[in-house]
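Q: The chain contents come next:
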Amino acid sequence: MNCGAKYSPFYVGLSVSRFCGIILSMDKWLRNALKGLADPDLEHRRRAMEPFVRATFGIFIRCLYRYLGNEVECEDVLENVYADIWQNPGHLRNITNEKELLRNVYLYYMRKHLREVYRRINRNSYLSQRDLMNLVAPDLSILEMMSQAELGQVLRRMLGRLKARERKAIELWMEGMSNRAIANELKTTVGAVKMLEFRTILKLKKMLSDYC
Amino acid sequence: MPQTNREIQELLIDYAGALRDGCMPDFLKSLTREEADRIASSAEFWQATEVTRILNSVGFADKAVTPDVGLFISRVNAAIACRLKKARASSPIKRSHHRSRGNSKPTTQAQTWAEDLL
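Residue numbers (the numbering used here), protein chains in the order written: chain A, 1 to 212; chain B, 213 to 330.
Chain A with its partners taken away, still in its complex shape (with noise of 0.2 Å):
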């Protein structure tokens, strides 16, 4: 089950903008770094390299940190989408903004190693292999489009229309806190806890599909 394959990348994108109210455009670093990868000569691409992944690494590390959680694992992934990008840059020829290059960069390169990941752990595991997919490489749908500090700013807001349980469950949460800290803090059990974050989960799940 995939609850992001509904949207079409063209949706996606229309939404977001128009949700935002502005189109991300790229700046001149990445849009001179992107020009470099253009070039045939493999020797030249190599050059044009450093110059992409400084613009590009704070990004694609943030994204991939939404679905693998771990610092050290989303290097490992990230040096293999960036040779990947090197030996075939086709998929980011005519980008015109940071959307639409994470976009690609998802789609097609490091979708491909998230999975590759979890393939090998998924041997010993009863999820199915396309739930696993879907757990851990999802197709992308309209919030994991938006940048992080959008992102961020919506939270906030949404926050800001919970209750004050239920908010400051998921502000603990947030915080790092385990469920048992919250529990103490909340002065409750583990499980209401954990009923009490679910529900707030999908609460804001309902908020901000409404708000998008």
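To be clear, the hints were calculated from the coordinates, so they are not data collected in a lab. Even for Gly, the Cβ is constructed at its ideal location relative to N, Cα and C. Don't take every hint at face value.
Below, simulated SDA-like cross-link-like pairs (lysine to any residue); rule was C-alpha separation at most 25 Å, straight line [stated by the list, open to error]:
hint : chain 1 : residue 1 : chain 2 : residue 2
1    : A       : K203      : B       : S302
2    : A       : K187      : B       : G271
3    : A       : K163      : A       : T189
4    : A       : K28       : A       : I95
Far from chain B, some chain A residues (derived; all Cβ distances over 12 Å) [claimed, not checked]:
hint : residue
5    : L42
6    : L92
7    : R161
8    : M174
9    : N184
10   : E185
Following the hints, complete the assembly by docking chain B onto the known chain A.
A: Just chain B now, with coordinates in the frame of chain A:
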């Protein structure tokens, strides 16, 4: 993760915790057959995973961004050099293979790539 037969809300929160703490493999291994079925059939779970990823991203992704990417760039360079080396290493065999068969047209992506290099 010793707890078995978890309800869907527990599974989601455990997934979120695993994502936050960077131990997804442990979560995947901890799933029983029943729990995997429960996940597969729960629309709520799949809706919630999207928000979970976003919370993870907003709350913690910045710690993955290193201030100096110089070291990482050298890793990328090494990966590229490794691929170049592999292509170079494979090219003489392929070429002699072509010659012996009298076929000058490369047939695979690796061959095309190696021909570009030489």
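Q: Please write out, lowest number first, the hints stated earlier that are contradicted by the structure.
A: When the structure is compared with the hints, numbers 1, 5, 8 turn out to be violated.
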